[in-house]
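Participant: Listed here are the chains, written in short residue letters.
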Amino acid sequence: DAKTTQPPSMDCAEGRAANLPCNHSTISGNEYVYWYRQIHSQGPQYIIHGLKNNETNEMASLIITEDRKSSTLILPHATLRDTAVYYCIVRVTLIQGAQKLVFGQGTRLTINP
Amino acid sequence: EPEVTQTPSHQVTQMGQEVILRCVPISNHLYFYWYRQILGQKVEFLVSFYNNEISEKSEIFDDQFSVERPDGSNFTLKIRSTKLEDSAMYFCAGRGVQETQYFGPGTRLLVL
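Chains D and C are the protein sequences, given in the same order. First residue of the first sequence? That's 21 in the numbering used here, and the numbers climb one at a time after it. First residue of the second sequence? That's 28 in the numbering used here, and the numbers climb one at a time after it.
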């Protein structure tokens with residue numbers, strides 16, 4: 021399973037952009053990068069995913085380097101409610117199209133007032 | 028917006044007892060998953076289920092665990108004889124033909 025490396029914790033001021041890095045140097049050509057977050061012990065919440073192009077949705081932007089060995093999740097205007105553990109995951113495809121998500125320890129992002 | 032739901036939200040049981048955790052996936056989902064998270068640890072994959080059969084299971088998912096979709100809507104995880112180390116949050120997830128897995132809120136299981 022492709023492994024990801026994230027800093028264990030980060031801080032960001034409310035209203036500023038939060039940039040969360042992730043290294044996935046062993047990613048294969050057809051593996052997607054997914055970002056989820058978990059607030060307290062709630063279920064992981066999907067944020068965004070990408071293969072090689074940069075992606076943007078209403079929650080965040082995902083920047084993937086050209087060699088696909090790393091990516092950055094950007095929360096453009098962080099709020100206190102964005103305080104959570106953020107997981108960068110390389111999705112593993114199983115037989116019959118099933119998948120599994122292999123979670124690491126993630127980055128604990130704290131948004132400060 | 029449809030959501031994955033799980034019941035119960037909390038379950039306390041005695042060691043050796045059987046528990047059944049229930050999940051109602053989003054109606055157009057085809058692939059179903061169980062994950063667990065022991066307090067303070069990572070979220071771990073347990074099993075994936077498609078077309079009424081298990082497509083992959085982890086080393087954690089031993090003979091004490093089973094899954095089924097008894098009525099085409101609910102998706103259950105059964106632990107036959109619970110152990111202390113089964114205490115964890117259990118998350119159900121599902122996805123349709125799109126690529127993204129959506130998780131439920133979890134069931135907190137405490138084995139005494």
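Where hints are given, some of them may not hold.
[What the hints assert, rightly or not] Straight-line C-alpha distance at most 25 Å; calculated DSS-like pairs for lysine-lysine:
1) Lys84(C) / Lys110(C)
2) Lys23(D) / Lys84(C)
3) Lys69(C) / Lys105(C)
4) Lys69(C) / Lys23(D)
5) Lys72(D) / Lys23(D)
6) Lys84(C) / Lys69(C)
7) Lys84(C) / Lys105(C)
8) Lys69(C) / Lys89(D)
9) Lys110(C) / Lys69(C)
These aren't lab readings, by the way, just hints derived from the structure by calculation.
Participant: Okay, which hints does this one fail, numbers in order?
Facilitator: none
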